[in-house]
Amino acid sequence: MKRPPSLTLRLTLLFTVAAMVGLLAFGWITEYALKNHFDAEDLHELKVVAHAVEESLSLQQSSSDLAPIKQRFDDILVGHHGALLHISDATGRLIYSSPGQDLSLMPVPSSGQLPPDGIQQWSDSRHNYSVLIQQVTGKSGTGYTVIIAVITDHYLHFLDEFRRTLWIMVIGGIMVMGLMGWIAVRHGHRPLHHIVDQISRINASELNTRLDPEGVPAELTELALSFNELLQRMEEAFERISNFSADIAHELRTPVTNLMTQSQVTLSQARSMEEYREILYSNMEEYERMAQMIDDMLFLAKGDNGLHPPNAEDIDLKNEVCSLFDYYEAWAEERRVSMTLEGTAQIQGDRLMLRRALSNLLSNAIRHTPAGSAVNVQLSAAGNSVHIAVQNPGAPLPAEQIARIFDRFYRTDPSRQHSGEGAGLGLAIVKSIVKTHGGRVVATSDEIYTQFRISLPVTGRYDI
Amino acid sequence: MLFARQIFPRDQLAYGHTVKLLIAEDEVKTGKYLRRGLSEAGFVVDLAHNGLDGHHLAMTELYDLLILDVMLPDVDGWRILKSLRDAGNKVPVLFLTARDSIDDRVKGLELGADDYLVKPFAFTELLARVRALLRRGASPAAELNLSVADLKLDLVRHCAHRGGRRIHLTAKEFTLLELLVRHQGEVLPRSLIASQVWDMNFNSDTNVIDVAIRRLRVKIDGNFDLKLIQTVRGMGYLIDAPDGD
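Residue numbers (numbering that gives the first Met the number 0), protein chains in the order written: chain A, 0 to 463; chain B, 0 to 244.
Isolated chain A (complex conformation) (with noise of 0.2 Å):
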């Protein structure tokens, strides 16, 4: 998988783009206004020029003598540095033209097609002009087209300067915005870094560190309850397994030390056949032991790991149930107790797996129950769960036993040993049997009976 890009690169890179964003706005409208600025200026110096040689045209008797109105021309444009004017009748006779300047190049187009109050753009080989062009009808009927127009070539080389200054700052702060970003980006990751630190310092023997989710910025608090929670997860799993251990080497020790003890006391002298083949029975006890241990032990941490992916197949529980009570039958008659089974449901799970929990919980209460009493399995669905049931009447566990009871190696009552409880794994594979299926156990114990209940998801949705 491709690595993402890191946060720096990112939010640096959002900071300059929305610096250039706003840099290129900015310059743009202000060029914007600037360049509307003096088309108006031109437009309001070009409109009274033309108001002013409207006037002096529409005075004109006939078009025979043009010296007074060339006078007023000039005296016009006098007041108006850098405008030019050139004027010229109806049949292109040249009325009048600023001097020096030679405007009659400049298109004309016919009267009809001039831009109301227009200005159009226009240059020759010099310079730049905005041009105004009108007609105008003078005393006696006679038509002049009149081109008013200014150099523009100072505000155009203005713009040009202006758009070029802009550029270099918009480059520059585009950069500086850039390294600010870093910067800020940097500094504003500093309380990351600071977790990052405390996190990296936390080692197996410190797992009940915990971070302070009120030290961190509002941002991380969640970050921080969320690791915290984790290190409680890890530091029980830590206590778990390494309890788990000490139970193992404990458990182990037991047959361990009968064995060696019988094998050394039965070396030190010369016996009967007879007799080593009990001490060879006996030893083959407490190894089958020792195999069934292991057994369910390598199971549970086969379920611990989630190696134990479950089948989904259509599993009928009563029936489940009607040939677990088949196999109890003879040993439960013996106990004088009896089975009794209360309702049916459906599910999907893994038949052997959900087999053996059963078999576990029923074995359980079958001993627990006192001769002459009856232990109860009740199935029910309800919605998306179905709920079993084994009850048992019986002396009431007190609470601390209940809250130990799935726990490995654990028995309600230690003196009992090796009387073919087991090694305690029982309801511990139980649990773990459920928990892999999506389900859980709980169990309740009053003076009436002591029940275990399992929850599963009907369909096959499991927890691995």
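No wet-lab data here; the hints were simulated from the structure.
Incorrect hints may have been included.
As the list claims (entries may be wrong) - A short list of chain A residues far from chain B (calculated; beta carbon distances all over 12 Å):
1) Val-20
2) Leu-158
3) Ile-182
4) Pro-212
5) Glu-213
6) Asn-242
7) Arg-270
8) Ser-281
What the hints assert, rightly or not - Taking lysine to aspartate or glutamate pairs in the EDC-like style, the calculated list, with each CA pair at most 16 Å apart, reads:
9) Lys-151(B) x Glu-124(B)
10) Lys-171(B) x Glu-399(A)
11) Lys-171(B) x Asp-325(A)
Remember, it's a predicted structure, so these values are computed and weren't measured experimentally.
Don't be surprised by glycine CBs; every beta carbon is placed ideally from N, CA and C.
Here the structure of chain A is known, so what remains is to put chain B in place on it, guided by the hints.
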């Protein structure tokens, strides 16, 4: 009290010829005891201590069954199996392994292993599986009747008679008795009985099987001097006419 020879009947009698097995096991002690146990059960056993020897023997000699450890030095059990199957050799193979992972199991079965036993296992369990694999090829005649001494089982009507008298058995008791009689003279471990009769493929921490056998014994042997159902301590149960008459 039963002795080894009685507990593990000599199998060449049952199969009509000498049955030859190969064990490839690098654990010296395990190999030695497996060989002794299987030899005493009447099989002719070759033992290889590493994968190379095992591979060589498997490819050159003719065996009725191979027992291969998965983890062997040089050439592991899987490669031996693969060579055999590639060469078109269909000899039944039983794997022994200390690692029980589903992946391993699937891999073994995909390569064509016939059975899979996880250490630690009971020797009786191994023996029962070996016999089951050896029997597999030979399709058993559809028997209608089975008998041990004066005990007769009618498989069609699901009823049992002993000494001419009908014995009333529940369905499960009959199934249990049939299993014992079919494996007459073989020790059946409790785990095998639980899985064959009740389909319970895991060990229970109870003495369910003992109780069931005890009840069956009362019905079968209760009124007779000749006791047919025998307990083999530390191993399991068997049914046989004593002294093999």
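Results of checking the hints against the structure:
1. Val-20: Label holds. Min Cβ-Cβ 57 Å, cutoff 12 Å.
2. Leu-158: Check passes; 77 Å lies beyond 12 Å.
3. Ile-182: holds (53 Å)
4. Pro-212: At about 41 Å from chain B, Pro-212(A) clears the 12 Å cut-off, so the statement holds.
5. Glu-213: holds (46 Å)
6. Asn-242: Check passes; 22 Å lies beyond 12 Å.
7. Arg-270: holds (16 Å)
8. Ser-281: violated (8 Å)
9. Lys-151(B) x Glu-124(B): The given pair, whose Cα atoms are some 27 Å apart, is violated under the 16 Å limit.
10. Lys-171(B) x Glu-399(A): violated (41 Å)
11. Lys-171(B) x Asp-325(A): OK: Lys-171(B) and Asp-325(A) at ~8 Å, within 16 Å.
Against the hints set out earlier in the document, violations occur for numbers 8, 9, 10.
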